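Use the sequences and the hints to build the structure in full.
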Amino acid sequence: MGRQRPIRNSSDGDIMSELKGTGQQTADAPTPEDAFHEAAALNAREETSKSSGRHGDPVLAADGTPLKRSLSRALRRQKLRALALIAPLLIFVLFSFIIPIGSMLFRSVENSFVEQTLPLTVAELKNWDAESGELPDEALYRAFVTDMVAAVEAKEHTKLGTRLNYEQTGLSSLFRQTGRKVKRLDPETDGPFKEKLIDIDEDWGDVQTWRTIKTHSVKITNGYFLNAVDMRRTPEGAVAQPENKRILIKLFMRTLFMSLVITTSCILLGYPVAWILANLPSRSANMLMILVLLPFWTSLLVRTSAWKVMLQQQGVINDVLVWLGIVPDDARLVLINNQLGTIIAMTHILLPFMILPMYSVMQTIQPTYLRAAKSMGATNWTAFWRVYFPQSVPGIGAGSILVFILSIGYYITPEIVGGTKGVFISNRIAYHISSSLNWGLAAALGTILLAVVLILYWAYDKIVGIDNVKLG
Amino acid sequence: MKPTKLLIASSVLALAAGAVAAEDMTIVSWGGAYSKSQQKAYHEPYTAKTGINIINDDSSNEAVAKLRAMNEAGNVTWDVVDVVAADAMRLCDEGLAMEIDPDTQLAPAPDGTPASEDFGDLLVSDCFIPQIVYSTTFGYRTDLVGDTPPDDICDVFDLEAYPGKRALEKRPINNMEWALLCDGVAKADVYDVLETPEGQDQALAKLDTIKDSVVWWSAGADTPQLLADGEVVMGSTYNGRLFSLIVEQKQPVAMLWDAQVFDLDGWIIPAGLSEERKKRALDYIYFATDTQRLADQAQYISYGPARHSSAPLVGKHAELGIDMAPHMPTDPANATNTFLYNYEFWADYRDDIDAKFQAWLAQ
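Same order as they appear, the protein sequences are chains A and B.
Heads up, the final residue of the first sequence is numbered 472 in our numbering, and it's a clean run with no missing numbers.
Heads up, the final residue of the second sequence is numbered 363 in our numbering, and it's a clean run with no missing numbers.
Keep in mind that the hints are not guaranteed to be accurate.
Claimed, not checked - With the C-beta cut set under 7 Å, the calculated list includes, among others, these residues of chain A facing chain B: (1) Q78; (2) K250; (3) Q312.
Stated by the list, open to error - Quick partial rundown of chain A residues pointing at chain B, CB under 10 Å, derived from the structure: (4) K155; (5) Y166; (6) T169; (7) N244; (8) G315; (9) E415.
Unchecked claim - Distance condition first, Cα-Cα at most 30 Å in a straight line; then the derived DSSO-like pairs of lysine-lysine: (10) A/K421 to A/K374; (11) A/K159 to B/K278; (12) A/K155 to B/K250; (13) B/K250 to A/K421; (14) A/K219 to A/K181; (15) A/K126 to A/K155; (16) B/K278 to A/K183; (17) A/K196 to A/K181; (18) B/K66 to A/K155; (19) A/K126 to A/K250; (20) A/K421 to B/K211; (21) A/K421 to B/K165; (22) B/K278 to A/K181; (23) A/K183 to A/K219; (24) A/K219 to B/K66; (25) A/K245 to B/K278; (26) A/K159 to B/K49; (27) A/K250 to B/K165; (28) B/K165 to A/K245; (29) A/K214 to A/K126; (30) B/K279 to A/K183; (31) A/K308 to B/K36; (32) B/K250 to B/K165; (33) B/K211 to A/K245; (34) A/K196 to A/K126; (35) A/K308 to B/K211; (36) A/K308 to B/K40; (37) A/K159 to B/K66; (38) A/K214 to A/K181; (39) B/K278 to B/K49; (40) A/K155 to A/K219.
In short, the hints are calculated from the structure, not lab data.
Since the structure is predicted, the reported quantities are computational estimates derived from the model, not experimental observations.
Just so it is clear, CB atoms sit at the ideal spot from N, CA and C, and this is done for glycine as well.
Next comes the structure, spelled out in structure tokens:
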């Protein structure tokens with residue numbers, strides 16, 4: 001990936017200063033100089049045609065059309081052909097990736113279901129003052145019964161109960177049970193309903209129930225995002241969750257922290273391996289390469305479960321340590337079902353993603369540079385640190401981005417070996433997708449995770465520069 | 001030569017049969033020994049009777065989310081789905097499962113008792129056709145508990161008498177109830193106490209006393225593995241898993257039936273099937289949940305049949321030839337002190353208590 005800053009058609013000085021600003025250039029990278037020369041040559045050509053060409057007389061092609069037009073037509077055709085070639089991929093990505101993800105993310109704010117199911121009630125609730133502490137009047141109860149009878153008919157009321165139960169515990173059964181009884185009422189003739197509803201369930205005489213419905217009847221809500229950062233939506237605005245329910249921010253922090261630790265340990269373990277691979281004769285390097293790739297061909301679950309056998313207290317590592325007398329039998333090490341377990345297993349699983357880009361970058365580093373440095377009196381360390389290491393940085397960058405972003409979204413390995421302290425935010429997202437069915441909250445968590453990754457990527461670009469990332 | 005010919009012949013036959021019958025039916029279940037028992041007791045006889053080919057899909061643990069996604073996409077590919085009762089209730093609430101009338105759509109007992117009476121209280125949701133009663137209970141290592149094996153649920157919380165790790169499920173359901181029971185709350189009051197924030201704190205405080213000695217599991221196979229490796233002294237899991245660990249794999253493990261929590265597993269038919277597929281699914285359900293079929297399943301796995309009329313028909317294990325009745329959670333000797341999963345309560349409190357439970361776990 002070469003540097004691709006826009007080359008402005010301006011004076012040389014500008015471009016040169018930009019060139020200087022880019023820091024070290026690796027030897028083999030396509031440098032901006034090529035582009036610069038091309039641009040300069042083009043400039044010069046334009047200049048000469050402007051000064052010496054026949055003004056007003058367009059150059060004509062063989063068929064008599066102006067050269068410029070026929071050229072642009074040919075180019076357009078080329079562009080169309082290129083577009084047609086990438087069209088299958090583009091359409092595939094659009095339909096299988098961008099649209100589904102977009103619609104999933106939209107769920108994090110979408111909340112029209114409440115108003116769709118209880119249209120009359122929501123309209124009436126607009127006139128009711130949630131702060132007054134008084135129950136709504138008969139008109140609202142009548143509207144509610146009308147809505148409920150229709151909802152029971154369409155079997156939507158239990159769904160609504162599930163939705164509102166995320167916000168106030170108990171509403172799920174309230175709607176289910178009320179639905180059974182309310183369908184016997186006729187909204188036209190059976191009024192007044194206030195007494196009757198409170199008779200069906202006393203919770204309809206609780207101001208809090210109506211406040212919850214009112215608060216969550218907006219079409220576009222920030223409620224899920226507030227929940228995702230341990231807050232909740234109330235009539236008075238955003239309020240922090242009670243202490244004993246706060247967990248998500250902690251999990252976000254832990255996910256970031258542990259991903260960093262995993263990335264760092266991958267760098268530390270992967271760098272020497274990549275160096276050996278790059279410097280061995282290709283025959284033995286290929287053999288070793290197979291060992292690096294071998295884990296790729298084994299199922300993720302098998303690898304994770306193997307770590308369980310290795311690390312548990314009655315496992316292989318502890319048994320060996322006890323047998324060697326290093327660890328007493330009654331104080332075996334706890335290596336799994338905690339953060340350590342997650343870090344060990346995930347470092348192992350993600351290591352190839354670090355080694356491969358490092359290896360391909362290191363292969364391109366000329367050994368002559370090191371020899372030259374040494375011949376001029378550099379010690380081994382200086383030669384490595386001042387000459388070799390800076391050239392291998394793009395590989396570290398590429399590997400780090402891969403490993404970090406992969407680990408931030410990891411789910412199955414932390415679930416199996418993470419115990420309680422080694423799980424990630426993805427485990428919560430999975431819970432809300434498959435168990436609690438609170439897809440709105442899951443989408444909000446996912447959106448935040450995506451935003452965090454993009455911000456980190458942007459910060460990485462600002463600090464290190466994304467052009468310093470190379471896959472080979 | 002011969003095998004090849006046979007192969008070709010049989011595939012041609014299969015193709016021909018496929019072209020004639022062309023009826024496939026996708027049934028979703030839990031996989032493993034459980035699906036095997038259904039294959040033997042239900043699927044094979046049904047295929048023999050009707051010629052309909054049954055495709056097994058082991059997706060039950062994510063059935064609710066997948067069914068919701070299929071329903072939104074307007075393309076439900078499953079015909080019959082095996083889920084636990086709590087999930088069936090949620091699917092029914094969400095309008096994702098079809099309502100069933102037990103008396104017209106399910107087989108009556110051999111003596112003519114209508115299905116609604118034969119299943120009785122176990123019909124916990126309008127969409128749910130119960131199949132088995134299973135229980136979540138404890139197993140312990142007989143060689144690691146000394147001379148006085150545990151016989152009380154509160155022994156799980158007794159670290160002095162039974163030191164070592166315990167395996168508990170990584171969710172509040174069941175654990176909160178057991179904690180309250182062992183903290184002096186009467187069995188009848190457990191859910192009243194658990195409704196209050198103070199009661200929830202009380203249960204978590206009790207669990208806190210053993211928190212450092214707990215290995216939390218999330219898959220049913222975890223506890224058997226942990227017990228077999230001697231990684232834990234005792235652990236909770238589904239009774240059928242412990243049965244296979246003890247009887248089939250002959251591990252030094254025994255059952256602690258005290259305060260076992262009964263739960264139900266059964267079928268639902270997804271909403272939104274075409275008339276033809278719905279008819280076929282109902283026909284399968286009618287066949288597979290009759291008295292004899294439910295009793296047959298108990299030959300392969302130690303879960304109790306959900307019909308009253310099936311209980312006397314439970315016989316011996318199909319391969320081991322041992323009597324199955326003593327291994328059933330519903331056997332009187334095992335069921336002296338039991339607990340029934342409270343579906344209404346957990347439908348309401350699941351999200352709230354789970355958030356607190358997870359926050360407590362992460363501390």
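Worksheet item: What are the numbers of the hints the structure violates, in ascending order?
Response: 1, 10, 12, 13, 19, 25, 26, 36
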